[in-house]
Amino acid sequence: MNQVSVPRERLELLWWVIAATGALLGLRLFQLQVLDVVEYRLAAERNRSQIIPQTAPRGRIYDGIGVPLATNQPAFTLIFIPPGEGHIQQDLEPLARELSRQLGRDPIALQETLQTAVREESAVRLAENLPTRAMFQLSELKTIYPGVELIVEARRYYPYGRFASHLLGFMGKMSPREWRELKPKGYRADARVGKMGLEKTFETELSGRDGGIRMEVDAQGRLKRVLETIPWETGSNIHLTIDAAVQKAADDAVRKTASGRGAAVAVDPRTGAILALSSQPDFDPNAFLSTDPEEVKRTVAELPEFNNAISGAYPPGSIFKPIVGLAALSGGRVKPDDDFWCPGYYESGGRIFQCWEHKGHKRISWLMGLAHSCDVYFYQVGLKAGAAAIETFARDFGLGAATQIPLKGEKSGHLFGPETRRKSKKGWYDGDTLNLSIGQGELTVTPLQMAMVAAALSNRGTVWRPHYTQKIVYADGRPDYVQKPERMSLVRAPGAAWDQVQEALQLVVSSGTGVGARVPGLLVAGKTGTAQNPHGDDHAWFISYAARRGEPASIAIAVLIENGGHGGAVAAPVAKKMILARFGLPDPDAEREVRTAARAALAAPRLPSLRPAPAGTPH
Amino acid sequence: MRMHSGLGGRVDWTFVAAVASLVAAGTLAMLSAASTTIYYSAILQKHFIALTLGAILFTLTVAFNYQIFQDQSKCVYGVALFILIAVLVVGTTSRGHRAWLRFAGFSFQPAEFARVLTVLVLADLLDRRARQARDVSTVLMALAVAAPVMFLILKQPDYSTALTFLPMITGMLFCAGADLFHLLLVFGYGVLTLSVPLVYTFCQTRFPGAAAGSLPVLVLATSKMGWATLAVVVCLGALSAMAWRMATWMRLQVKPHLFLAVPVILSGSLLTGVALNRQLKSYQRNRFVAFVAPHTDVQGAAYNVIQSKVAIGSGGAWGKGLFSGTQSKLGFLPERHTDFIFANLGEEMGFLGTSLILGLYMVVLWRIVTAARQARDRYGYLVCAGLASMFAFVMALNIGMCVGLMPVAGIPLPLISYGGSSLVINLWSLGIVANIYARRYALL
Numbered sequence: 003m004n005q006v007s008v009p010r011e012r013l014e015l016l017w018w019v020i021a022a023t024g025a026l027l028g029l030r031l032f033q034l035q036v037l038d039v040v041e042y043r044l045a046a047e048r049n050r051s052q053i054i055p056q057t058a059p060r061g062r063i064y065d066g067i068g069v070p071l072a073t074n075q076p077a078f079t080l081i082f083i084p085p086g087e088g089h090i091q092q093d094l095e096p097l098a099r100e101l102s103r104q105l106g107r108d109p110i111a112l113q114e115t116l117q118t119a120v121r122e123e124s125a126v127r128l129a130e131n132l133p134t135r136a137m138f139q140l141s142e143l144k145t146i147y148p149g150v151e152l153i154v155e156a157r158r159y160y161p162y163g164r165f166a167s168h169l170l171g172f173m174g175k176m177s178p179r180e181w182r183e184l185k186p187k188g189y190r191a192d193a194r195v196g197k198m199g200l201e202k203t204f205e206t207e208l209s210g211r212d213g214g215i216r217m218e219v220d221a222q223g224r225l226k227r228v229l230e231t232i233p234w235e236t237g238s239n240i241h242l243t244i245d246a247a248v249q250k251a252a253d254d255a256v257r258k259t260a261s262g263r264g265a266a267v268a269v270d271p272r273t274g275a276i277l278a279l280s281s282q283p284d285f286d287p288n289a290f291l292s293t294d295p296e297e298v299k300r301t302v303a304e305l306p307e308f309n310n311a312i313s314g315a316y317p318p319g320s321i322f323k324p325i326v327g328l329a330a331l332s333g334g335r336v337k338p339d340d341d342f343w344c345p346g347y348y349e350s351g352g353r354i355f356q357c358w359e360h361k362g363h364k365r366i367s368w369l370m371g372l373a374h375s376c377d378v379y380f381y382q383v384g385l386k387a388g389a390a391a392i393e394t395f396a397r398d399f400g401l402g403a404a405t406q407i408p409l410k411g412e413k414s415g416h417l418f419g420p421e422t423r424r425k426s427k428k429g430w431y432d433g434d435t436l437n438l439s440i441g442q443g444e445l446t447v448t449p450l451q452m453a454m455v456a457a458a459l460s461n462r463g464t465v466w467r468p469h470y471t472q473k474i475v476y477a478d479g480r481p482d483y484v485q486k487p488e489r490m491s492l493v494r495a496p497g498a499a500w501d502q503v504q505e506a507l508q509l510v511v512s513s514g515t516g517v518g519a520r521v522p523g524l525l526v527a528g529k530t531g532t533a534q535n536p537h538g539d540d541h542a543w544f545i546s547y548a549a550r551r552g553e554p555a556s557i558a559i560a561v562l563i564e565n566g567g568h569g570g571a572v573a574a575p576v577a578k579k580m581i582l583a584r585f586g587l588p589d590p591d592a593e594r595e596v597r598t599a600a601r602a603a604l605a606a607p608r609l610p611s612l613r614p615a616p617a618g619t620p621h
Numbered sequence: 033m034r035m036h037s038g039l040g041g042r043v044d045w046t047f048v049a050a051v052a053s054l055v056a057a058g059t060l061a062m063l064s065a066a067s068t069t070i071y072y073s074a075i076l077q078k079h080f081i082a083l084t085l086g087a088i089l090f091t092l093t094v095a096f097n098y099q100i101f102q103d104q105s106k107c108v109y110g111v112a113l114f115i116l117i118a119v120l121v122v123g124t125t126s127r128g129h130r131a132w133l134r135f136a137g138f139s140f141q142p143a144e145f146a147r148v149l150t151v152l153v154l155a156d157l158l159d160r161r162a163r164q165a166r167d168v169s170t171v172l173m174a175l176a177v178a179a180p181v182m183f184l185i186l187k188q189p190d191y192s193t194a195l196t197f198l199p200m201i202t203g204m205l206f207c208a209g210a211d212l213f214h215l216l217l218v219f220g221y222g223v224l225t226l227s228v229p230l231v232y233t234f235c236q237t238r239f240p241g242a243a244a245g246s247l248p249v250l251v252l253a254t255s256k257m258g259w260a261t262l263a264v265v266v267c268l269g270a271l272s273a274m275a276w277r278m279a280t281w282m283r284l285q286v287k288p289h290l291f292l293a294v295p296v297i298l299s300g301s302l303l304t305g306v307a308l309n310r311q312l313k314s315y316q317r318n319r320f321v322a323f324v325a326p327h328t329d330v331q332g333a334a335y336n337v338i339q340s341k342v343a344i345g346s347g348g349a350w351g352k353g354l355f356s357g358t359q360s361k362l363g364f365l366p367e368r369h370t371d372f373i374f375a376n377l378g379e380e381m382g383f384l385g386t387s388l389i390l391g392l393y394m395v396v397l398w399r400i401v402t403a404a405r406q407a408r409d410r411y412g413y414l415v416c417a418g419l420a421s422m423f424a425f426v427m428a429l430n431i432g433m434c435v436g437l438m439p440v441a442g443i444p445l446p447l448i449s450y451g452g453s454s455l456v457i458n459l460w461s462l463g464i465v466a467n468i469y470a471r472r473y474a475l476l
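Quick note, the sequences are listed as chains A and B, same order.
FYI, the numbering for the first sequence is 3 to 621, going by this note's numbering.
FYI, the numbering for the second sequence is 33 to 476, going by this note's numbering.
Simulated from the structure, these hints should not be mistaken for laboratory data.
A hint or two may mislead.
Pairwise CB distance ranges, derived in the manner of DEER restraints [claimed, not checked]: (1) B:F138 x A:I53: 42 to 50 Å; (2) B:F355 x A:A303: 56 to 64 Å; (3) B:S246 x A:S102: 56 to 64 Å; (4) A:I53 x B:P240: 46 to 54 Å; (5) A:A221 x B:A162: 50 to 58 Å.
Values in this document were obtained by computation on a predicted structure and should not be read as measured data.
Backbone N, C-alpha and C define an ideal beta-carbon position, used for all residues, glycine too.
Please construct the entire structure, taking both the sequences and the accompanying hints into account.
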């Protein structure tokens, strides 16, 4: 039929080229639409949606009986979503005027912002972190002007302000490193995270998942419609063992001391639960969340990062004497009624070791020795007991080792004794024993360690591992995490020795150096200390425990006031306030202060008179 | 003799059905894609007028004997040149292209019409020179005939449409039985010309801080009409002369004209490429940039391709449903009812829709090739081969652009994209194919 001669094989070749091209395109379409569909779906979704995020409430932090220590405040954010059509253009000017009055901003700039939003049909955030009172006034605008919306966001709030600040920590902007780590977990670039303390330690538990308003936008960014409102998810709540009353008493009392620097730690001797962990100087964690960037900058610059309660290692001084006494009494080397002679000094190896009381305590035995903290008595007792026994007891009480409390920066302090010296291949001399006997020399301890010692003295030898978590109530329905007490070590001593030590410690408070901590109706025991400090004034120490009569002690305390001077005068009253708070008793000093302040306010203004310091304050 | 009575039985109904399905799918896609524009009703009106016109033209063309175009070949060529000159003289300018003729309320884009007319003219030429098919003169004559048409289209300027001439001519020459070496030269010329701006852009974007004297800098210097270009041309000539001397000295059996043709083609393509490179407008340059380095400028030139890929990819297997594509309805996809309509289709109808369209195209192309195979004369054979090459290339270029395999070229997808004159002309040219098939038995 076809008599024309044409190169048909070339046509066939052309057809194969065309078919191959078609196949190639088909494969490419398969790749895009079937294999890589997820990736492109996401890209399309990113294209079309825009989210006005809403910050989720962080988990709350409660104290032992449910008092909120860190909570959230609704912060109101004012957004403007231009309504589709209508006569809003002429409403913008009164709206801008109204907003400028409420927000204290330039009305012309505000109007321009609003006009841009209307022109571009995109939502704008007009103001963030609005205070509650502004909210009520602004919510009225919402009814008058369409498009004005108030969205609620949660903002961290610490109701007590300067309160347990080193323990709770604070919130702040992420560092570049934190941003890299947290970005994959869904954090926003402007999110705040815990920067210190519990806020940092429990960041994962506390942080919730942010919600928001997801809107559909077109290629020009114009708002089309609201796609969905994504609800936020709250973070998990943490219940601490802290007793807010004790913590507050500790914070206030340490702050009011002359130096204003120090630490106060209270634990429950029955469990090792921390009731108060105070370090001064402290800070107000709310200041980091201020809407004023200058205030935030200043607060960050002045942040006292050092947590004296766990990171400060101080020589214990006389508060170490109960351990020396226990070592001596339990070894049987010293009987409670063995008399020693204190002429005001002790001579050993051609050196003179002073007693703090230069006149000397004359004839003295155990109870008076501890109650009046006679150095010469303890020099001799220490020599009799032996430095090795003292070192063993001190180690059993947990000194020289970190308590492993889950907080950053804990120090272990330093314990010295014959055994430690042997390890570092140095000799041990009687002079060292004398220094160790009164808690001086190379010995350093942290206030937290001494609180655990005080607890062990009250409960006859059980040294708990300190903990501050009571339970974590997970938001996602996981069973609660409940903290169990853990025993760190046990100090073994005969019951008679414990009786002697506890009786002496009670005597310290009832009639000895620690009367400043006496509370009528309660059984309070304690020991004062004045640690020599090569860098300045002596540090004031006081360890204590208290109980209702007939009950086991429910609070053990260690107070340290840096450069405070005498422990009995400075540190013991701090402990007393904490004990009063623990047992719910009124603080007579506070009442007196209130009355004085009221009188001062009524009277004509005059210079405050300097009250004489309490006379005759021993160690 | 049966004139029309038997024609119905000989019409390729598969072909007609495939073409109708493509047009229907295109109408559907266009209805959806154009729905966001403010000219929606005007677009619909124009589309349905063009559709009616195209259908009538298609039917009429099937009925008339296609050989009339061969008989009136000079006239056909004259019409092609006339309308292209007319558009340059009295045409309307839109978006920098003087590409539209307006009369009686209609506007008409003659470039694609001229392209089909060129196929008809070339088919006649190649048919008459069947005996000299393997001669280089045939190739040169074919190029000479196409050159004025291409030149006039380039004057509009419409580089993309002019570009589609090259594979079309190559396909026709190939099927006419031209010497493969000649075709290679022609093809090489075209490819080298186009590669000059491509290589230039590549060196410019990938090696922005290249040291003086390094290869990228030399390439950049060569790509600007200057001493470096002249030096390269002279070097090519010298090298070729040396090679020729070597070959004669070694008594190699190589055709001597090779030593003339290769350097002429190389330097010629280099010079035209350099000229083209200088002529490029910034948006055309950006298309090269977008192809060479798609992620350098996401909001700029590469934006279109990325959004197109996202649209197609996000459609998935089944699509988001007509009128429900977010990429196209929210305006992320550019040119969604014209050049990028395939992406709109891919988003809303998914892999199901795209593979169906692609399949219909392959059916149409297969039937064109079949028509060529069965054509009763060499002219019909060549017309079909030319149209098959043309449709295949345009389709591959457009879909390839939408899926990111080809650089962006502003050409519509035949039968699918919105464009009245394009639809009419394409239907008319397919009518010629149907006619060639229907008259495959040399009885009429």
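The hints, checked one at a time:
1. With their beta carbons about 48 Å apart, F138 (chain B) and I53 (chain A) fall inside the hinted range of 42 to 50 Å.
2. The given range of 56 to 64 Å is respected by F355 (chain B) and A303 (chain A), whose C-beta atoms sit roughly 59 Å from each other.
3. Judged by the Cβ atoms, the range 56 to 64 Å given for S246 (chain B) and S102 (chain A) holds: they are separated by roughly 60 Å.
4. A hinted range of 46 to 54 Å is violated for the C-beta pair I53 (chain A) and P240 (chain B), which are about 36 Å apart.
5. Distance hint check: the CB atoms of A221 (chain A) and A162 (chain B) are about 55 Å apart, consistent with the given range 50 to 58 Å.
Checked against the numbered hints given earlier, the structure breaks only hint 4 and satisfies all the rest.
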